[in-house]
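There are 2 protein chains.
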Amino acid sequence: MHVFEELTSLLEFQLCILLFVAFVGFVIAWKIKQSVIIWEILIGIVVGPSLLGLIMYTDVIRSFAQIGAVILLFVIGLEFKIKDVFNIKYGIIALIGVIVPWGCGYALAVLYGFNFINCVFVGTALTATSVAITANVLKELGKLQTTAAKAIIGAAVIDDILGLLVLSFSIQVVSGTITALPLALIIIKAVVFMVVGALIGHRYLSRLIEKLDSTKLTGKFPESLFILTMTIAFLYGFIAESIGLSAIVGSFLAGVSLSGVIIKQGKSIKDGAEYIQIIFAAIFFVSLGILADFHVLTMPIIWFLISLTLVACLTKIVGCYFGARVGRMNHKDSLTVGIGMMPRGEVAMIVALIGLNLGIIHQDLYISLILMSLLTTVIVPVILRRYISR
Amino acid sequence: MHVFEELTSLLEFQLCILLFVAFVGFVIAWKIKQSVIIWEILIGIVVGPSLLGLIMYTDVIRSFAQIGAVILLFVIGLEFKIKDVFNIKYGIIALIGVIVPWGCGYALAVLYGFNFINCVFVGTALTATSVAITANVLKELGKLQTTAAKAIIGAAVIDDILGLLVLSFSIQVVSGTITALPLALIIIKAVVFMVVGALIGHRYLSRLIEKLDSTKLTGKFPESLFILTMTIAFLYGFIAESIGLSAIVGSFLAGVSLSGVIIKQGKSIKDGAEYIQIIFAAIFFVSLGILADFHVLTMPIIWFLISLTLVACLTKIVGCYFGARVGRMNHKDSLTVGIGMMPRGEVAMIVALIGLNLGIIHQDLYISLILMSLLTTVIVPVILRRYISR
Numbered sequence: 001m002h003v004f005e006e007l008t009s010l011l012e013f014q015l016c017i018l019l020f021v022a023f024v025g026f027v028i029a030w031k032i033k034q035s036v037i038i039w040e041i042l043i044g045i046v047v048g049p050s051l052l053g054l055i056m057y058t059d060v061i062r063s064f065a066q067i068g069a070v071i072l073l074f075v076i077g078l079e080f081k082i083k084d085v086f087n088i089k090y091g092i093i094a095l096i097g098v099i100v101p102w103g104c105g106y107a108l109a110v111l112y113g114f115n116f117i118n119c120v121f122v123g124t125a126l127t128a129t130s131v132a133i134t135a136n137v138l139k140e141l142g143k144l145q146t147t148a149a150k151a152i153i154g155a156a157v158i159d160d161i162l163g164l165l166v167l168s169f170s171i172q173v174v175s176g177t178i179t180a181l182p183l184a185l186i187i188i189k190a191v192v193f194m195v196v197g198a199l200i201g202h203r204y205l206s207r208l209i210e211k212l213d214s215t216k217l218t219g220k221f222p223e224s225l226f227i228l229t230m231t232i233a234f235l236y237g238f239i240a241e242s243i244g245l246s247a248i249v250g251s252f253l254a255g256v257s258l259s260g261v262i263i264k265q266g267k268s269i270k271d272g273a274e275y276i277q278i279i280f281a282a283i284f285f286v287s288l289g290i291l292a293d294f295h296v297l298t299m300p301i302i303w304f305l306i307s308l309t310l311v312a313c314l315t316k317i318v319g320c321y322f323g324a325r326v327g328r329m330n331h332k333d334s335l336t337v338g339i340g341m342m343p344r345g346e347v348a349m350i351v352a353l354i355g356l357n358l359g360i361i362h363q364d365l366y367i368s369l370i371l372m373s374l375l376t377t378v379i380v381p382v383i384l385r386r387y388i389s390r
Numbered sequence: 001m002h003v004f005e006e007l008t009s010l011l012e013f014q015l016c017i018l019l020f021v022a023f024v025g026f027v028i029a030w031k032i033k034q035s036v037i038i039w040e041i042l043i044g045i046v047v048g049p050s051l052l053g054l055i056m057y058t059d060v061i062r063s064f065a066q067i068g069a070v071i072l073l074f075v076i077g078l079e080f081k082i083k084d085v086f087n088i089k090y091g092i093i094a095l096i097g098v099i100v101p102w103g104c105g106y107a108l109a110v111l112y113g114f115n116f117i118n119c120v121f122v123g124t125a126l127t128a129t130s131v132a133i134t135a136n137v138l139k140e141l142g143k144l145q146t147t148a149a150k151a152i153i154g155a156a157v158i159d160d161i162l163g164l165l166v167l168s169f170s171i172q173v174v175s176g177t178i179t180a181l182p183l184a185l186i187i188i189k190a191v192v193f194m195v196v197g198a199l200i201g202h203r204y205l206s207r208l209i210e211k212l213d214s215t216k217l218t219g220k221f222p223e224s225l226f227i228l229t230m231t232i233a234f235l236y237g238f239i240a241e242s243i244g245l246s247a248i249v250g251s252f253l254a255g256v257s258l259s260g261v262i263i264k265q266g267k268s269i270k271d272g273a274e275y276i277q278i279i280f281a282a283i284f285f286v287s288l289g290i291l292a293d294f295h296v297l298t299m300p301i302i303w304f305l306i307s308l309t310l311v312a313c314l315t316k317i318v319g320c321y322f323g324a325r326v327g328r329m330n331h332k333d334s335l336t337v338g339i340g341m342m343p344r345g346e347v348a349m350i351v352a353l354i355g356l357n358l359g360i361i362h363q364d365l366y367i368s369l370i371l372m373s374l375l376t377t378v379i380v381p382v383i384l385r386r387y388i389s390r
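Same order as they appear, the protein sequences are chains L and C.
Our numbering puts the first sequence at residues 1 to 390.
Our numbering puts the second sequence at residues 1 to 390.
Keep in mind that a hint or two might mislead.
Since the list can't tell identical chains apart, any single copy or any two copies may satisfy a pair.
[Unchecked claim] Below 30 Å or equal to it, Euclidean Cα-Cα: the simulated DSSO-like pairs (lysine-lysine) are:
id: 1; residue 1: K139; residue 2: K220
id: 2; residue 1: K267; residue 2: K81
id: 3; residue 1: K31; residue 2: K264
id: 4; residue 1: K143; residue 2: K220
id: 5; residue 1: K83; residue 2: K270
id: 6; residue 1: K267; residue 2: K31
id: 7; residue 1: K216; residue 2: K139
id: 8; residue 1: K267; residue 2: K189
id: 9; residue 1: K31; residue 2: K211
id: 10; residue 1: K143; residue 2: K264
id: 11; residue 1: K216; residue 2: K31
id: 12; residue 1: K139; residue 2: K83
id: 13; residue 1: K143; residue 2: K216
id: 14; residue 1: K332; residue 2: K220
id: 15; residue 1: K31; residue 2: K89
id: 16; residue 1: K332; residue 2: K89
id: 17; residue 1: K81; residue 2: K143
id: 18; residue 1: K89; residue 2: K270
id: 19; residue 1: K89; residue 2: K220
id: 20; residue 1: K139; residue 2: K31
id: 21; residue 1: K220; residue 2: K31
id: 22; residue 1: K81; residue 2: K31
id: 23; residue 1: K189; residue 2: K89
id: 24; residue 1: K332; residue 2: K264
id: 25; residue 1: K83; residue 2: K332
Don't read these hints as lab results, they were simulated from the structure.
When you get a sec, could you build the whole thing from the sequences and use the hints?
Quick look at the structure:
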């Protein structure tokens, strides 16, 4: 048994299993015609601690998964122009789509008898959309350039920022130190980063890359430009994280800023980033399944989980549909936006983790938030594929 | 200061610095016309704990570096056919090139007054060549398909196996439990793995990949084949490690076995693996610099280090030159083989680490072995480039 544990803890074994699981996900998705992501998460649950216990959610796997999310958003960013993302209409969708789930999540938790602080955290966990899941489904369907897709991506980015603001606000409420200053400071920092980052990336870094592409450096080492580009992606991710945003907001911004770059001599930036994404985004999705441990579930918790998931889905659909209609989108596009904004993914999981670490919420609420976020993630690709294909 | 430390420990920051350092390595190598690897290691020393302390050798960085070495050897393996590697001539080069350094390393340590057990470890650390460095220099020079290059790669693979056998033998000497059985067992396991692995990879896995390439699975998900290929690379690495070899021997074997695969419909295996290698091999080389902490060095240790490095270089040149001449290679090719076999890299570092962990060697000897291995690594690209270019 000891030898077995030692062998399965080897890095090569873990990567082998993670990638094999991802490959099996592709085979099943091909046979049953569903999104690859769902199968990757579901088989992740099977090989993870919940069932087979072949693989654990170690620090190293968390790091790989984190890189996967960062690269995925960078690659998605590369497919967008700056003006596609920054748009007042998307701001309205994001705002209404944050207020409605927060309020209803809070109310549901009150109904189930949780204390004030727990209720605040449940509301907060429902606010931020995980753009990675929806964007990947849209990418698989080849629908990234539609009006609805642009609205979803744009709103999800703003919504992520709003979600993180709500989180820092909630922590202040909990610790009883509400002051307007830090909150305003985070908002200002976020806005400055988005504007300055986009400007520097678009005006200077893009030009720098194109200029280096015409030198002998690239002629001799065609791979050097690709390394520089990935440096920029992680730099933006780092800056975003260091001012209190999610790293994926930063790498997405890097992708959008560099989307206009044309490489002639060096190795293709987009091809390279996509190859890295193929491996690491697969690990990210499988790890979402590994993260879920079902052992602590009891019947009352299952009921709360079901209600919570329903509230999470309905409030995002209603809030974002309404926001999209306000921005004069048609019925079908607005509903697509509503459905596309449903997945909570890693942001809700981060909120749950912070709550647990601060000792504010307990294991039962923690696992409910994690599973709610997983369920919305599993449901959305199914609904979205059916709805868009019609 | 606390905030600074918290920020620099962020994953995105570490990756950003590692990749930026690698990029600077490219720029300097372009201007000063040297191997990129040397600069990556040297700048790694500058940003690491020895000087700036911007980045530490954490578990996560070690994992990335390990993946880098595994992928690098996989990509190099893809450029070879099976018959290029398994050759009795290379076996002779490897064998003499292991015996001479072991004996002289042992003798040198005796001369410096180390005890018996320490002397055994010094000898062992000198045995195994690190093929990653030399192979990358040859790759940069476009000389991978020459007679000398094939001999170096082939001999280095066998030499790695021999080195690991010497290590397990040394540990038995130290613990006073020398029996012929376990040693014979490791040799048998290694030979069976190499033969069976090459056979299965070449006959069955290659065909499986080509067959999948013609199905609709690849038509729908062109990236799925690339994920399967990387799964095989890590699987071979895992098997190698689990039977007591180095993981890079396994991934190299996977590369060699799959080198004949022709992909028509799916994403290119070779392009994909190269993109992953660009990022992770760069991290591997920079991390070699980060690993070296100069703070424990004193004058007597520096003298021992210089002698050790000289012995390490000369014994490999003489041993492998002689082995190559026995195999009827000409003078220039034999000398190229001798020089190319000099770098010790990660294998010597692993030996040093095991010795330290077992409490057999102390910090002074540990740092000497690490720095010796780094110095041979830094010297070889300089000499090899000059010698081959003449």
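Verification of the supplied hints:
1. In this homomeric assembly, K139 and K220 come within 30 Å of each other (Cα to Cα) only across copies, at 13 Å, whereas the closest approach inside a single copy is 34 Å.
2. Taking the shortest Cα distances, K267 and K81 sit within 30 Å of each other both inside one copy (22 Å) and across copies (26 Å).
3. For a Cα distance limit of 30 Å, the shortest separation of K31 from K264 across copies, 21 Å, qualifies, whereas the shortest one inside one copy, 39 Å, does not.
4. Within a single copy, K143 and K220 get their C-alpha atoms only as close as 38 Å, which misses the 30 Å cut-off; across copies the closest is 15 Å, which meets it.
5. Proximity of K83 and K270 under a CA criterion of 30 Å is satisfied intra-copy only: 20 Å inside one chain copy versus 36 Å between copies.
6. Proximity of K267 and K31 under a CA criterion of 30 Å is satisfied inter-copy only: 20 Å between copies versus 35 Å inside one chain copy.
7. In this assembly of identical chains, the alpha carbons of K216 and K139 lie at most 30 Å apart only when taken from different copies (19 Å versus 36 Å within one copy).
8. In this assembly of identical chains, the alpha carbons of K267 and K189 never lie at most 30 Å apart, being 35 Å within a copy and 41 Å across copies at closest.
9. Taking the shortest Cα distances, K31 and K211 sit within 30 Å of each other only across copies (17 Å), while inside one copy they are farther apart (47 Å).
10. Taking the shortest alpha-carbon separations for K143 and K264, both the intra-copy value of 27 Å and the inter-copy value of 26 Å come in at or below 30 Å.
11. Proximity of K216 and K31 under a CA criterion of 30 Å is satisfied inter-copy only: 10 Å between copies versus 48 Å inside one chain copy.
12. Taking the shortest Cα distances, K139 and K83 sit within 30 Å of each other inside one copy (19 Å), while across copies they are farther apart (43 Å).
13. In this assembly of identical chains, K143 and K216 lie within 30 Å of each other by CA distance solely across copies; the values are 21 Å between and 39 Å within a copy.
14. Taking identical chains as interchangeable, the C-alpha atoms of K332 and K220 lie at most 30 Å apart only when they sit on different chains, with a minimum of 27 Å there against 52 Å within one chain.
15. Within a single copy, K31 and K89 get their C-alpha atoms no closer than 39 Å, and across copies no closer than 50 Å, so neither meets the 30 Å cut-off.
16. For a Cα distance limit of 30 Å, the shortest separation of K332 from K89 inside one copy, 17 Å, qualifies, whereas the shortest one across copies, 71 Å, does not.
17. Taking the shortest alpha-carbon separations for K81 and K143, only the intra-copy value of 16 Å comes in at or below 30 Å, while the best inter-copy value is 43 Å.
18. In the homo-oligomer, the alpha carbons of K89 and K270 lie at most 30 Å apart inside one protomer (29 Å), although the nearest pairing across protomers, at 44 Å, exceeds that limit.
19. When the C-alpha separation of K89 and K220 is checked against a cutoff of 30 Å, the pair qualifies neither within a copy, at 46 Å, nor between copies, at 35 Å.
20. In the homo-oligomer, the alpha carbons of K139 and K31 lie at most 30 Å apart inside one protomer (19 Å), although the nearest pairing across protomers, at 41 Å, exceeds that limit.
21. Only between protomers do K220 and K31 lie at most 30 Å apart by alpha-carbon distance; the minimum there is 11 Å, versus 45 Å within a single protomer.
22. Proximity of K81 and K31 under a CA criterion of 30 Å is satisfied in neither setting, with 35 Å inside one chain copy and 35 Å between copies.
23. Taking CA atoms no more than 30 Å apart as the test, K189 paired with K89 passes inside one copy only; the shortest distance there is 22 Å, against 65 Å between copies.
24. Taking the shortest alpha-carbon separations for K332 and K264, neither the intra-copy value of 41 Å nor the inter-copy value of 39 Å comes in at or below 30 Å.
25. In this homomeric assembly, K83 and K332 come within 30 Å of each other (Cα to Cα) only inside a single copy, at 23 Å, whereas the closest approach across copies is 61 Å.
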